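There are 4 protein chains.
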Amino acid sequence: MTFGHEAAGFVVATGPEVHHIAPGTFVSPEGHLFCGFCRMCRSGRAHICENLRILGVDVDGLFAEYAVVPERNVWEVDPRIPPDVASIHDPFGNAVHTAYSGGGAAELATATVAVLGCGPIGLFAVGIARASGARLVIGVEPNEFRQALAKQMGADLVVDPRTEDPVEAVMAATEGHGAEVVLEMSGVSAVIDQGTRMLARGGRMSLLGLPSEPVTLDLTDQVIFKEARLFGVTGREIFRTWQQTTALLATGMVDVGPVITHRFALERFEEAFEAMASGRSGKVILLPQHPA
Amino acid sequence: MTFGHEAAGFVVATGPEVHHIAPGTFVSPEGHLFCGFCRMCRSGRAHICENLRILGVDVDGLFAEYAVVPERNVWEVDPRIPPDVASIHDPFGNAVHTAYSGGGAAELATATVAVLGCGPIGLFAVGIARASGARLVIGVEPNEFRQALAKQMGADLVVDPRTEDPVEAVMAATEGHGAEVVLEMSGVSAVIDQGTRMLARGGRMSLLGLPSEPVTLDLTDQVIFKEARLFGVTGREIFRTWQQTTALLATGMVDVGPVITHRFALERFEEAFEAMASGRSGKVILLPQHPA
Amino acid sequence: MTFGHEAAGFVVATGPEVHHIAPGTFVSPEGHLFCGFCRMCRSGRAHICENLRILGVDVDGLFAEYAVVPERNVWEVDPRIPPDVASIHDPFGNAVHTAYSGGGAAELATATVAVLGCGPIGLFAVGIARASGARLVIGVEPNEFRQALAKQMGADLVVDPRTEDPVEAVMAATEGHGAEVVLEMSGVSAVIDQGTRMLARGGRMSLLGLPSEPVTLDLTDQVIFKEARLFGVTGREIFRTWQQTTALLATGMVDVGPVITHRFALERFEEAFEAMASGRSGKVILLPQHPA
Amino acid sequence: MTFGHEAAGFVVATGPEVHHIAPGTFVSPEGHLFCGFCRMCRSGRAHICENLRILGVDVDGLFAEYAVVPERNVWEVDPRIPPDVASIHDPFGNAVHTAYSGGGAAELATATVAVLGCGPIGLFAVGIARASGARLVIGVEPNEFRQALAKQMGADLVVDPRTEDPVEAVMAATEGHGAEVVLEMSGVSAVIDQGTRMLARGGRMSLLGLPSEPVTLDLTDQVIFKEARLFGVTGREIFRTWQQTTALLATGMVDVGPVITHRFALERFEEAFEAMASGRSGKVILLPQHPA
Numbered sequence: 203m204t205f206g207h208e209a210a211g212f213v214v215a216t217g218p219e220v221h222h223i224a225p226g227t228f229v230s231p232e233g234h235l236f237c238g239f240c241r242m243c244r245s246g247r248a249h250i251c252e253n254l255r256i257l258g259v260d261v262d263g264l265f266a267e268y269a270v271v272p273e274r275n276v277w278e279v280d281p282r283i284p285p286d287v288a289s290i291h292d293p294f295g296n297a298v299h300t301a302y303s304g305g306g307a308a309e310l311a312t313a314t315v316a317v318l319g320c321g322p323i324g325l326f327a328v329g330i331a332r333a334s335g336a337r338l339v340i341g342v343e344p345n346e347f348r349q350a351l352a353k354q355m356g357a358d359l360v361v362d363p364r365t366e367d368p369v370e371a372v373m374a375a376t377e378g379h380g381a382e383v384v385l386e387m388s389g390v391s392a393v394i395d396q397g398t399r400m401l402a403r404g405g406r407m408s409l410l411g412l413p414s415e416p417v418t419l420d421l422t423d424q425v426i427f428k429e430a431r432l433f434g435v436t437g438r439e440i441f442r443t444w445q446q447t448t449a450l451l452a453t454g455m456v457d458v459g460p461v462i463t464h465r466f467a468l469e470r471f472e473e474a475f476e477a478m479a480s481g482r483s484g485k486v487i488l489l490p491q492h493p494a
Numbered sequence: 203m204t205f206g207h208e209a210a211g212f213v214v215a216t217g218p219e220v221h222h223i224a225p226g227t228f229v230s231p232e233g234h235l236f237c238g239f240c241r242m243c244r245s246g247r248a249h250i251c252e253n254l255r256i257l258g259v260d261v262d263g264l265f266a267e268y269a270v271v272p273e274r275n276v277w278e279v280d281p282r283i284p285p286d287v288a289s290i291h292d293p294f295g296n297a298v299h300t301a302y303s304g305g306g307a308a309e310l311a312t313a314t315v316a317v318l319g320c321g322p323i324g325l326f327a328v329g330i331a332r333a334s335g336a337r338l339v340i341g342v343e344p345n346e347f348r349q350a351l352a353k354q355m356g357a358d359l360v361v362d363p364r365t366e367d368p369v370e371a372v373m374a375a376t377e378g379h380g381a382e383v384v385l386e387m388s389g390v391s392a393v394i395d396q397g398t399r400m401l402a403r404g405g406r407m408s409l410l411g412l413p414s415e416p417v418t419l420d421l422t423d424q425v426i427f428k429e430a431r432l433f434g435v436t437g438r439e440i441f442r443t444w445q446q447t448t449a450l451l452a453t454g455m456v457d458v459g460p461v462i463t464h465r466f467a468l469e470r471f472e473e474a475f476e477a478m479a480s481g482r483s484g485k486v487i488l489l490p491q492h493p494a
Numbered sequence: 203m204t205f206g207h208e209a210a211g212f213v214v215a216t217g218p219e220v221h222h223i224a225p226g227t228f229v230s231p232e233g234h235l236f237c238g239f240c241r242m243c244r245s246g247r248a249h250i251c252e253n254l255r256i257l258g259v260d261v262d263g264l265f266a267e268y269a270v271v272p273e274r275n276v277w278e279v280d281p282r283i284p285p286d287v288a289s290i291h292d293p294f295g296n297a298v299h300t301a302y303s304g305g306g307a308a309e310l311a312t313a314t315v316a317v318l319g320c321g322p323i324g325l326f327a328v329g330i331a332r333a334s335g336a337r338l339v340i341g342v343e344p345n346e347f348r349q350a351l352a353k354q355m356g357a358d359l360v361v362d363p364r365t366e367d368p369v370e371a372v373m374a375a376t377e378g379h380g381a382e383v384v385l386e387m388s389g390v391s392a393v394i395d396q397g398t399r400m401l402a403r404g405g406r407m408s409l410l411g412l413p414s415e416p417v418t419l420d421l422t423d424q425v426i427f428k429e430a431r432l433f434g435v436t437g438r439e440i441f442r443t444w445q446q447t448t449a450l451l452a453t454g455m456v457d458v459g460p461v462i463t464h465r466f467a468l469e470r471f472e473e474a475f476e477a478m479a480s481g482r483s484g485k486v487i488l489l490p491q492h493p494a
Numbered sequence: 203m204t205f206g207h208e209a210a211g212f213v214v215a216t217g218p219e220v221h222h223i224a225p226g227t228f229v230s231p232e233g234h235l236f237c238g239f240c241r242m243c244r245s246g247r248a249h250i251c252e253n254l255r256i257l258g259v260d261v262d263g264l265f266a267e268y269a270v271v272p273e274r275n276v277w278e279v280d281p282r283i284p285p286d287v288a289s290i291h292d293p294f295g296n297a298v299h300t301a302y303s304g305g306g307a308a309e310l311a312t313a314t315v316a317v318l319g320c321g322p323i324g325l326f327a328v329g330i331a332r333a334s335g336a337r338l339v340i341g342v343e344p345n346e347f348r349q350a351l352a353k354q355m356g357a358d359l360v361v362d363p364r365t366e367d368p369v370e371a372v373m374a375a376t377e378g379h380g381a382e383v384v385l386e387m388s389g390v391s392a393v394i395d396q397g398t399r400m401l402a403r404g405g406r407m408s409l410l411g412l413p414s415e416p417v418t419l420d421l422t423d424q425v426i427f428k429e430a431r432l433f434g435v436t437g438r439e440i441f442r443t444w445q446q447t448t449a450l451l452a453t454g455m456v457d458v459g460p461v462i463t464h465r466f467a468l469e470r471f472e473e474a475f476e477a478m479a480s481g482r483s484g485k486v487i488l489l490p491q492h493p494a
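Chains as they are written, first to last, in the numbering used here: chain A, 203 to 494; chain B, 203 to 494; chain C, 203 to 494; chain D, 203 to 494.
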């Protein structure tokens, strides 16, 4: 069994059709394998390709010593980005794409932004909102360890939904107006409903978290009368999001240091999984020996 | 009791603060009374004013011999628009605003557009989509009388949801891709769910119909993985939508003739209400005596 | 010597790396050969690739019995489009891309659109503006033969700049407001200046015509105080424009019949060139024998 | 003679029609007096009103003990903004509107931004670009005093056009790609030309500076083939820009401290004018006695 699609590593060998990437290059792969010819691919939306296959889901993934990836799915890592950070291009890109969806970064500047769920991707989103000119960044997260990380990533306010009603907390922090942008990272049905309730008139909620069941919403009062916009978000734009990711990571605009809480040599992968499951971790990185 | 907010008529008298509209002008009122000073008003979104009052709902409406309306809520009717058509500026504007929401008219040109619910506003939306460059316009409507009107307004295909599954019908008409734009006019919970299912990847559904209960949606498969966008829509943009409405009506780009199925003198209002309730009508117009 | 890049034809043979296009397919090539890896390609703007090569300019073109084109540059022609019309995908796409640039088709719906220069691409633009919901379409063109074609393509008004001042004519036709959209197809310095002068406040001018010398503009009064926007336009979006082109041509939304004024068998190419040079032609098509 | 339109002060008295602003409120006026009824006003673009009058230009301005301003032109100052900073809402708003024009703030995040001319408005623009997520901010300014201020406002690089070619300097700093956003604040013909030359493919130049003569540009190579966009910018959006301005100033996202180089009591206005003319100043503030 192989799975996993977040990684970075060195190109070991290339086929005869590869002209742009040389062996020895340090790269990170875009995990969405796209056909290049369907309506979505040919309108600049390859990440929602009609024939999409995903590394580690539909084809062998990156939990392996070597992986084969099409050249056009490979992103050359900016030399200013260290190897451990390089391995999070993929989930960081999820956060960028969610934050910049719809009106793009335009809606972040000077806005109040609420991030629902501060796992690693939510934590990245906090940092991206902060770096992109948000006026006020609010995180909602029940796990205390991650609440602290959200603060470190730049959240002005972190709400614990176990002790406080998140909708009331956001309203209180915004003079009753609500958040102009809500970034939904939890995939929890009740949280998505709360997201619509904390949304300001004319606001935007971008949904990356995947609810496992149908979600019931008060569309009339929370979406239609408010002229709210709900955006589904998946993957990352190929490769616009990677360009934005590089700008944010390579220049230090977002410091992901606090999110990477653990680093293990590859052979200690069992400890790494324990750390992931512990509830007291952000991103956990496995480091193989590498020739750099 | 007074209610109603769709109307057109002559200005009879003006107050000392009125400088732009003279007595005798033929006008139609924007029924959303806005404060002009809240965050929404001051960012160009007066139609979702935080202190909104609506003619015929919050204040006396237009089922009256005379009505008092703030000058800034009054729209001077283009002289090419006949008086009966003038009275539908308001609902026609709902249809314009719904069709042009989000990416604006941009998403209509060359797109497949499905209109869910072909009451008067849905029928207008069919005509607007057709005039704005839609490739294929599909109406969904159970009422046979209105099915015929949808055809007359320019629908290429009208689906009867009593005998056909609308999602399957739209998929069949689009080679399985779905509709790029869905305009939801029914407010029926199950129809909204169908709207998400017939939506193409990357598509947009604009919601004007008001469901009377919470709506359950399959967000994961029908919105998030497809990167669909759902837009709440209410009222009309003040007055950008009126400018667009004027262009569409005054130049004949949309002929609303088929939708106006009945015209009555004002005193025959009881017959008019019967016609409205009959299920065999489009828009029903009451015509008072007027000095034109 | 080979040149030319507008064409359609049958795929005769494919290489081992070609998986999506089979021999016998009727196709039209996108003439911009892009690298796929530069910043522009990787942000969805391959048509302004930093390593761009153009068929018939930088590499051998399509004035040849056979041409070699990368698979990813090939567009399968919709079967509803006849072969002669298929050969104008490329210039028709220029017109689509110019018309839909910036705010996209959104700015055409309900707008006044002026097309400066009604050669074949300008004539296509007239038809596209008409099909996309323009309220008023004005052509400016000195050649009488082409003035007549502009009328046939749907222009409401055609201005002869030899006898009338185009700026005054546009102002007169718009109650002094000017055109909201100007599509510049002439590449003539003085005409570009006129374009800025006929532009409404807040308007958009898209520039496709290539002036052969620097252009002097009154930026202060005609662009800055009016908050006008000037957009450079080149080529076509790959392949979003082709999708739009297909929708417009295959459904009959734009009938290019009037623009294709001449058809010749390939061996009569000398007559074809004479027709092109005569000033009494629109698009001139050469028809080789073909196995269809 | 009265002129000037940048100011903040206390409301002394209000007329009978004023309902939203009370005497004693600390306010700043929007200097563009708009009609509220023309096509621009009614499409959310009052700042380019067709009947525009400007405080201090068309009507008496704010170099006076008292001024009369329509209520709807008055902006209540956020209490977190100190009085001296409050007086620069107007020029700061110019900078916000220029920076956020077109694609809005979206194009700033992760972009390279060049600011041409670092007078007070240019200096504000440097700070706004920095706060809105620009990757690299480059100022171009010949005055050494202001070069230092540009650095203090957050410019990564300041180019002296007397000793360095600004186009070459920007290209060198961007690996030859150019700046994605150019904010033109100088109004100097040659600088505007340079702006187009330093613009990246697909880039945007927003023009606020007012050239006193026609400007000659190489449209073909610097705008059309690059698909660059040139945006005229004037005034500020009423009041969206003021909302953004408040967010940027009240939260400390932009610290305008370095730009306000001089503060004088009102009676020392002659010294203030000398400071302005000295070439060794940023913004010069006159402070009347006030009842706060």
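Calculated from the structure, these hints are not laboratory results.
Note that the structure is predicted; figures quoted are calculated from it, not measured.
Some clues are possibly wrong.
Calculated pairs, SDA-like style, for lysine to any residue (alpha carbon to alpha carbon, straight line, at most 20 Å) [stated by the list, open to error]:
hint: 1; chain 1: A; residue 1: LYS353; chain 2: A; residue 2: LEU235
hint: 2; chain 1: B; residue 1: LYS353; chain 2: B; residue 2: GLY481
hint: 3; chain 1: A; residue 1: LYS353; chain 2: A; residue 2: ILE462
hint: 4; chain 1: D; residue 1: LYS353; chain 2: A; residue 2: MET455
hint: 5; chain 1: D; residue 1: LYS353; chain 2: D; residue 2: GLY454
hint: 6; chain 1: C; residue 1: LYS353; chain 2: C; residue 2: VAL270
hint: 7; chain 1: C; residue 1: LYS353; chain 2: C; residue 2: ALA371
hint: 8; chain 1: A; residue 1: LYS353; chain 2: D; residue 2: GLY454
hint: 9; chain 1: B; residue 1: LYS353; chain 2: B; residue 2: ALA374
hint: 10; chain 1: B; residue 1: LYS353; chain 2: B; residue 2: ASP367
hint: 11; chain 1: C; residue 1: LYS353; chain 2: B; residue 2: THR453
hint: 12; chain 1: D; residue 1: LYS353; chain 2: A; residue 2: THR453
hint: 13; chain 1: D; residue 1: LYS353; chain 2: D; residue 2: ILE462
hint: 14; chain 1: A; residue 1: LYS353; chain 2: D; residue 2: THR453
hint: 15; chain 1: D; residue 1: LYS353; chain 2: D; residue 2: GLY321
If you want a taste of the chain D side facing chain B, the calculated C-beta under 7 Å gives, among others [claimed, not checked]:
hint: 16; residue: HIS222
hint: 17; residue: ARG244
hint: 18; residue: GLY246
hint: 19; residue: ARG442
hint: 20; residue: GLN445
Built from N, CA and C at the ideal position, the CB exists for glycine as well.
Quick rundown of the hints versus the structure:
no.: 1; hint: A:LYS353 x A:LEU235; result: 36 Å, violated
no.: 2; hint: B:LYS353 x B:GLY481; result: 17 Å, holds
no.: 3; hint: A:LYS353 x A:ILE462; result: 15 Å, holds
no.: 4; hint: D:LYS353 x A:MET455; result: 18 Å, holds
no.: 5; hint: D:LYS353 x D:GLY454; result: 18 Å, holds
no.: 6; hint: C:LYS353 x C:VAL270; result: 39 Å, violated
no.: 7; hint: C:LYS353 x C:ALA371; result: 16 Å, holds
no.: 8; hint: A:LYS353 x D:GLY454; result: 18 Å, holds
no.: 9; hint: B:LYS353 x B:ALA374; result: 19 Å, holds
no.: 10; hint: B:LYS353 x B:ASP367; result: 19 Å, holds
no.: 11; hint: C:LYS353 x B:THR453; result: 17 Å, holds
no.: 12; hint: D:LYS353 x A:THR453; result: 17 Å, holds
no.: 13; hint: D:LYS353 x D:ILE462; result: 15 Å, holds
no.: 14; hint: A:LYS353 x D:THR453; result: 17 Å, holds
no.: 15; hint: D:LYS353 x D:GLY321; result: 13 Å, holds
no.: 16; hint: HIS222; result: 5 Å, holds
no.: 17; hint: ARG244; result: 4 Å, holds
no.: 18; hint: GLY246; result: 4 Å, holds
no.: 19; hint: ARG442; result: 5 Å, holds
no.: 20; hint: GLN445; result: 6 Å, holds
Hints 1, 6, counting from the list given before, are not met by this structure.
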